[in-house]
Amino acid sequence: MNPDPVDRRLLQLLQDEFPLETDPWGALGEKLGITGREVLQRVRSLEASGVLRGICPVLESRKAGIGASTLVALHVPPGMVDKIARIISGYPQVSHNYLRDHRYNLWFTLGARDREELEQVLRGIRERCGLNGSDFIELPAKRRFKIDVRFPVHQEEAS
Amino acid sequence: MKGEDRRFLAHIQDGIPLTEAPFEDIGASVGMSGMEVISRILELIDEGVIRRFGARFDHRKLGIVANAMVCWEVPEDHIEEAGRTVSAYPGVTHCYEREVVPGTWEYNLFCVIHGHSADEVRMAVRNIEREAGITGGAILFSTRKFKHTPAVFISGNDP
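Line order of the protein sequences matches chains A and B. Numbering that gives the first Met the number 0 puts the first residue of the first sequence at 0, with every later residue one more than the last. Numbering that gives the first Met the number 0 puts the first residue of the second sequence at 0, with every later residue one more than the last.
Simulated from the structure, these hints should not be mistaken for laboratory data. Model, not experiment: these values are computed from the prediction. From the three backbone atoms N, C-alpha and C, an ideal C-beta is built for every residue, glycine too. You may find that some hints are simply not true.
[Stated by the list, open to error] Below, computed lysine-lysine pairings styled on DSSO-like, alpha-carbon distance capped at 30 Å:
| hint | chain 1 | residue 1 | chain 2 | residue 2 |
| --- | --- | --- | --- | --- |
| 1 | A | Lys141 | B | Lys1 |
| 2 | B | Lys144 | A | Lys30 |
| 3 | B | Lys1 | A | Lys145 |
| 4 | A | Lys62 | A | Lys141 |
[Unchecked claim] Some chain A residues flagged as far from chain B (calculated, every beta-carbon gap over 12 Å):
| hint | residue |
| --- | --- |
| 5 | Val5 |
| 6 | Arg7 |
| 7 | Leu31 |
| 8 | Gly32 |
| 9 | Ile33 |
| 10 | Arg61 |
| 11 | Pro76 |
| 12 | Gly78 |
| 13 | Glu118 |
| 14 | Gln119 |
| 15 | Leu121 |
| 16 | Gly123 |
| 17 | Glu126 |
[Unchecked claim] Sample of chain A residues facing chain B (criterion: CB under 7 Å; computed from the structure):
| hint | residue |
| --- | --- |
| 18 | Gln11 |
| 19 | Gln14 |
| 20 | Val57 |
| 21 | Arg142 |
Okay, chain B solo, but in the shape it has when bound (with noise of 0.2 Å):
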């Protein structure tokens, strides 16, 4: 990422003014007038560093209250069929294959699953396990949020 993308992404990353005119007020303070701004948030959606551009919720207030991480272990010839179903569950935000620990920990896939109750999220598993052809999934509701930031912060003052 160049240089000029990340003064500005970093200008912009904690949100939008929300003033009247959001995009012409970045730009007064970036130097570019507000449609050059639209067309630069744009051309980053191009290019794949914005995936996309909306609004963040504390889904908590909003009463997604469970969530859980939940685990499978799944034969490596059925995990793309598996990660692909488990993916396209509503409520599922996260789903990926991970790296095992022989021994230690045998579980491939994983997912996060958000719901208004825990019983909801167990209820989406024994679905989800159905649909995908999978069981045994772990399921480790998160009982206390230390932290929990958007992966990437870009500081402006990096080269």
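Chain A with its partners taken away, still in its complex shape (with noise of 0.2 Å):
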């Protein structure tokens, strides 16, 4: 799908500034010039196409409930990578795992209640895989720098 310039306008609005109020679709057209009806209309055809995934709280995973993450990088031999990959994805408190191109090529954040419930999935990827020593290696953050995930939607006309 193609969004239009006033789909992209939406896109952005609904990114950056999504009226928190009871008629929100309503305050939105405002903004653009169109119904509210329409409004809803067209966020309801963005979603179906995939673009819009949903208008929704994100979380400060630490005040949510999780007390440990980490960030992990494997070297994987390319013949195993699909079956090691499953294994990872398969844990609840795996969130992201992509195949990079380096030679650690997998790479997986998890999150955990606890230090403990953390050490315990990485005892049980380490043993599942088969993976050791400088094979596997974790990257706690010490410091966050920023997260902030949100694109520039409405500018890329200009582009």
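Using the hints, put the two chains back together into the complex; each one sits in its own frame.
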């Protein structure tokens, strides 16, 4: 799908300035110069097309029960990638799991209630995947500078 | 987080319904008025449990198809300034200082950059390095996504 200019402005507002009001569609419509009914129709078709995944709260993990989290990098032989990736993704504590073009080719993040649960998951993954030594490195965060997963949509037209 | 908040967030974490009066509809299923739902969300934002409230996109469908994790080895006395500069760059969604594994993984500053193409990401890395006064970034493009879910998932059944 190719969002038209109004869709793009709408997506930008839905992401950055969603109105927490009883009639959010009407409030958005006023900014866009269209009716609330049209806003809702556009929002529904943006969702149907898969561009819009949802309008939701983004939670601060540390305040929402995730007491321990980390990043892990693995060096996995190419023929084993699918099998090992499947094992890792199967853990509900794993949120992201990506293949990357580096000697350390499989990267995943996980969050758990506390350090103990985290260690338990890591131990389980190590054993089930048969990875040891420098093929399995854990890189916990010392300091967060930024987390803000938002994208410019509206400006795209200009480029 | 209180059990009551947990149940509330479990209910809205996947997104508001795309109906004419979404907050009233949420309220109807949790025994609150629409205004009460909105007030509760605003309180959770004030408390820092909700980091932001708005749309989540499938950014690939908007043409933002390249993403890389970029890692640098930055001296301790420069990392604060470098981290801030990297974070301010458009397209950077995450930036962390992480622990190193001596002899195996010496990179301590990490970011994730998104762009429309690998070339755009590489150019961003060059600009970031110039602005932040750092060099030698390892660019790890993601080549396959095995899993990508929000870092926090609240089960309504938890205590």
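Tested hints:
Proximity of A:Lys141 to B:Lys1 is assessed by CA-CA distance (about 27 Å); at most 30 Å being required, the pair is judged to hold. This hinted pair does not check out: B:Lys144 and A:Lys30 have alpha carbons roughly 36 Å apart, beyond 30 Å. Note on B:Lys1 and A:Lys145: the hinted pairing holds, with a Cα-Cα distance of about 27 Å set against a maximum of 30 Å. Restraint check for A:Lys62 and A:Lys141: satisfied, since their Cα atoms lie roughly 17 Å apart, inside the 30 Å limit.
Interface exclusion of A:Val5 from chain B stands, the closest Cβ pair being 15 Å apart, more than 12 Å. Listed as a non-interface residue, A:Arg7 fails to keep its Cβ farther than 12 Å from every Cβ of chain B; the least gap is roughly 9 Å. No beta-carbon of chain B is positioned within 12 Å of the beta-carbon of A:Leu31; the least distance is around 15 Å. The beta carbon of A:Gly32 sits about 20 Å from the closest Cβ of chain B, which is more than 12 Å, so the claim that it is off the interface holds.
At roughly 15 Å from the closest C-beta of chain B, the C-beta of A:Ile33 stays outside 12 Å, upholding its exclusion from the interface. Residue-level check failed: A:Arg61 sits 9 Å from the nearest beta carbon of chain B, not beyond 12 Å. No Cβ of chain B comes within 12 Å of the Cβ of A:Pro76; the nearest lies about 15 Å off, and the non-interface call holds. The beta carbon of A:Gly78 sits about 15 Å from the closest Cβ of chain B, which is more than 12 Å, so the claim that it is off the interface holds.
At roughly 15 Å from the closest C-beta of chain B, the C-beta of A:Glu118 stays outside 12 Å, upholding its exclusion from the interface. No beta-carbon of chain B is positioned within 12 Å of the beta-carbon of A:Gln119; the least distance is around 18 Å. For A:Leu121, the non-interface assignment is confirmed: its Cβ lies about 14 Å from the closest Cβ of chain B, beyond the 12 Å cut-off. Every CB of chain B lies more than 12 Å from the CB of A:Gly123, the least distance being 16 Å, so the non-interface label holds.
For A:Glu126, the condition that its CB be more than 12 Å from all CB atoms of chain B holds, with the nearest at approximately 20 Å. At its closest, the beta carbon of A:Gln11 sits 9 Å from a beta carbon of chain B; the interface hint therefore is violated under the 7 Å criterion. The interface hint given for A:Gln14 is met, as the beta carbon of that residue sits about 4 Å from the closest beta carbon of chain B, less than 7 Å. Because the beta carbon of A:Val57 sits about 5 Å from the nearest beta carbon in chain B, less than 7 Å, this interface hint is met.
The beta carbon of A:Arg142 comes within 4 Å of a beta carbon in chain B, closer than 7 Å, and the hint placing it at the interface holds.
Hint compliance for this structure: hints 2, 6, 10, 18 are broken, all remaining hints hold.
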